[in-house]
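Asks: One-letter residues, chain by chain:
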Amino acid sequence: MRPCEKACEEAHPMNETKNDIAPDAGQPASPHRRRMLGAAGVAFAGLAASARASAAPAASPDAQVTDAPQSTHTQDRVPFHGRHQAGIVTPRPAAGMVASFYVLAENRADLERLFRTLTERIAFLTQGGLQADPDPKLPPAGSGILGPVVQPDGLTVTVSVGASLFDERFGLAAKKPKRLSPMQSHPNDALDAALCHGDLSIQFCANTPDTNIHALRDIIKNTPDLLVLHWKQEGSVPPIPAVPGQPAESARNFLGFRDGSANPDSADGRLMDRIVWVQPGGDQPDWAVGGSYQAVRIIRNFVERWDRTPLQEQEAIMGRRKATGAPLDGGRTEHDVPDYAKDAEGKATPMDAHIRLANPRTRASDANLILRRPFNYSNGVTKSGQLEMGLLFICYQADLEKGFVAVQRRLDGEPLEEYIKPIGGGFFFTLPGVRDERDWLGRTLMAA
Amino acid sequence: MTVQFRRHFLATFAVGFAGLYAAGAQAAVSPLELVGPISDYKIYVAENVRKLATDTRAFTAAVKAGDVEKAKQLYAPTRTSYERIEPVAELFNDLDKAIDSRADDHEQAEKDPAFGGFHRIEYGLWVQKSTRELDPVADKLLVDVLELQKRLGALTFPPEKVVGGAAVLMEEVAATKISGEENRYSHTDLWDFQSNFEGAFKIVELLRPLVVKENKAFSDKTDANFKVVFDTLAKYRTADGGFETYAKLSERDRKLLAGRVNTLAEDLSKLRGMLGLN
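Heads up: the protein sequence lines correspond to chains A and B, in order.
As numbered in the numbering used here, residues 1 to 448 make up the first sequence, in order.
As numbered in the numbering used here, residues 1 to 278 make up the second sequence, in order.
Fair warning: there could be bad hints in the mix.
As the list claims (entries may be wrong) - Output of the computed footprint for chain A on chain B, the stretches with three or more beta carbons under 8 Å from beta carbons of chain A: (1) 153 to 159; (2) 257 to 268.
Said to hold, decoys possible - Computed, partial: chain A to chain B, Cβ under 7 Å: (3) K137; (4) L138; (5) P140; (6) P224; (7) L229; (8) W231; (9) V337; (10) D339.
As the list claims (entries may be wrong) - Label pairs and their computed distance ranges (CB to CB): (11) A:D133 x B:K129: 36 to 42 Å; (12) B:D231 x A:L130: 54 to 60 Å; (13) B:A217 x A:R305: 54 to 60 Å; (14) A:E388 x B:A239: 44 to 50 Å; (15) A:M351 x B:E244: 41 to 47 Å; (16) A:A173 x B:K248: 25 to 31 Å; (17) A:A448 x B:D253: 45 to 51 Å; (18) B:S250 x A:G129: 50 to 56 Å; (19) A:Q127 x B:V127: 53 to 59 Å; (20) B:V212 x A:R217: 26 to 32 Å.
Keep in mind that the hints were calculated from the coordinates and are not lab data.
Don't be surprised by glycine CBs; every beta carbon is placed ideally from N, CA and C.
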């Protein structure tokens, strides 16, 4: 028996019962997981962390080159039903992807068929199960890349709609969420039309990229007359060792800095209601309650140049210590909060540092909080022989104007722009959740 | 279709007709019922390759005469007979590459000495605007087309290749044609689309009596999708029976075609199994 098999067997009962991750804002998910890891002890926690990245633990002498990496998390299962879609306040796993589609449906009946088909596929993919192929003369039902029994692997699939879905095709113009517009260009952007906008976006998040790819291929296969892929971007975040008893740390981006340090607490349901979820009683259409605005940006990083920039300059540009993530005015960790009131002239944290512009921490800027959910992307080599990599930035907010748009306007002209170039993305509205077996994505929109 | 797959087929097609069957789980269609449609398809291919030979003779003659304008006029119509029978024409990997490869199939692209056939001539006519250098390419193209005619005449048509050919055509359009990359110098792609759809639809038509028995809804859906495709392309017909350039294809129609082609590819991928073929 290999070391991992022993550990996996011990962990197995827990997988069955406790690996479920709650998607709803009211049920804090990450503390739940931390408790579980703490209870399981150090050895298991370390194993779990590495398995999440699907990296094999130290191999036994008889291990073979092509043995599959082993994971204790293939049975992670995020509930599909809820007031909100999963994949927004759900703790971010290692692998993410955003795919943007054109909708080919030509009438409302076809659009409803699209939403119902997506609902049915996502319910299956996120919960897992057997995909049978009774007739070998026919093409298999799915790609089979996860084997005949689809493992949920922490998968969430989050469906959002773009402003263009509210054009003349479906008579939905009057139903458009109030702040939804096509993503506009900012001064530092060099947007590529082939990487922008779309009628519908689907965000996939899972423990491994293969699970996301499996889900994408399944959806494409099941909607050939309803969707055509427009663009997609995959990304990942590097796992870190789990240290029981210590608060989790934010993952690093491709600039080497922690990204997400000051993200609002996604386990705080009331906070999420304020920042992320569209609430009843505002000026938003009723059907949109429980949904959220999604902003996606594909932001290229000029990493070679960044790596040739002095450390103190990097830190001044970002506004944090690179090693620890601590703010520049003191503190030891990323969780320490900078006090800009005591640094009104920007002596410790420059006035144009990224984190200070993004969140000046004033009473007024409290209205501009957003929930970030970014992944790092790496796409190959540019014509100039440089790395084409950067950030697949994703954020959610209850008000796109007050959220991403206001934050990005403050960031326009920041010193960091010398090292980054947004090239794609789009604005979308994430549909409210699917409440139960009879409900379907987009039902409230179509009924409105 | 992979090279390996093709080789495998070429080695085994001589085994013949009945041997290619296996007792399918849902095969209500008997092998004998396919004899008629396959024979009819062979006639269709023979007619097309005959026309291809005739047209290629005229096309290459214009090239060799240095008549750029005439050669440009003949380019797209000449290709139509090839595009209609592509699933069987490309069973011969060497000829398909010689006749119809694109610059990016070659490591040095347009400069590659191995780049020949229709698209090398297309490059000469539209980009170089000259027939200089094209004489040997034209000679070779005609020789290859005549060789294709000879080989197709001797070919025992494997039913699973014919039935599967409808899906193959849609896969090719979906993967490497819908973007307008095939005729990148002349932008005559809509001619090719029409021919690919005609070729696939011919197979569907010949098999319709059998398919209807198996699954009428499938047959109706496929016919409806072909109708949308043909109706969409018809909007781009010109008065002389040809087609507008690919650039005229609206973004919306391009997406619509892509969706229908994907749907046809998805549906037609079940045709072989439905008829109990391996």
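Asks: Evaluate each hint against the coordinates.
Replies: We went through each hint and held it up to the structure:
Counting residues of the region 153 to 159 of chain B whose CB lies closer than 8 Å to any CB of chain A gives 0, so the stated coverage by that chain is violated, three being the minimum. With 7 residues having a Cβ less than 8 Å from any Cβ of chain A, the region 257 to 268 of chain B passes the three-residue criterion, so the hint holds. Because the beta carbon of K137 of chain A sits about 3 Å from the nearest beta carbon in chain B, less than 7 Å, this interface hint is met. Interface restraint check: L138 of chain A against chain B, minimum CB-CB distance 4 Å, threshold 7 Å, status holds.
Look at P140 of chain A: its Cβ only gets to about 10 Å from chain B, farther than 7 Å, so that hint breaks. Taking 7 Å as the C-beta cut-off, the interface hint given for P224 of chain A holds, the closest approach to chain B being about 4 Å. Taking 7 Å as the C-beta cut-off, the interface hint given for L229 of chain A is violated, the closest approach to chain B being about 9 Å. For W231 of chain A, the suggested interface contact is broken, since its CB lies about 13 Å from the closest CB of chain B, more than 7 Å.
Of the supplied interface hints, the one on V337 of chain A is violated, with its beta-carbon coming no nearer than about 49 Å to a beta-carbon of chain B, more than 7 Å. Taking 7 Å as the C-beta cut-off, the interface hint given for D339 of chain A is violated, the closest approach to chain B being about 52 Å. Checking the proposed 36 to 42 Å range against D133 of chain A and K129 of chain B shows it is violated: the Cβ atoms sit about 54 Å from each other. About 41 Å separates the C-beta atoms of D231 of chain B and L130 of chain A, a value inconsistent with the hinted range of 54 to 60 Å.
Checking the proposed 54 to 60 Å range against A217 of chain B and R305 of chain A shows it holds: the Cβ atoms sit about 59 Å from each other. Remark: the range hint 44 to 50 Å for E388 of chain A to A239 of chain B is upheld by a beta-carbon distance near 47 Å. The hint said 41 to 47 Å for the Cβ distance between M351 of chain A and E244 of chain B, and at roughly 57 Å that hint is violated. About 29 Å separates the C-beta atoms of A173 of chain A and K248 of chain B, a value consistent with the hinted range of 25 to 31 Å.
At about 30 Å, the beta-carbon gap between A448 of chain A and D253 of chain B misses the expected band of 45 to 51 Å. At roughly 42 Å, the beta carbons of S250 of chain B and G129 of chain A sit outside the given window of 50 to 56 Å. Range check, Q127 of chain A to V127 of chain B: Cβ separation about 55 Å, and the 53 to 59 Å hint holds. Separated by about 31 Å at the C-beta atoms, V212 of chain B and R217 of chain A satisfy the suggested range of 26 to 32 Å.
Hint check: violations occur at hints 1, 5, 7, 8, 9, 10, 11, 12, 15, 17 and 18; the rest are consistent with the structure.
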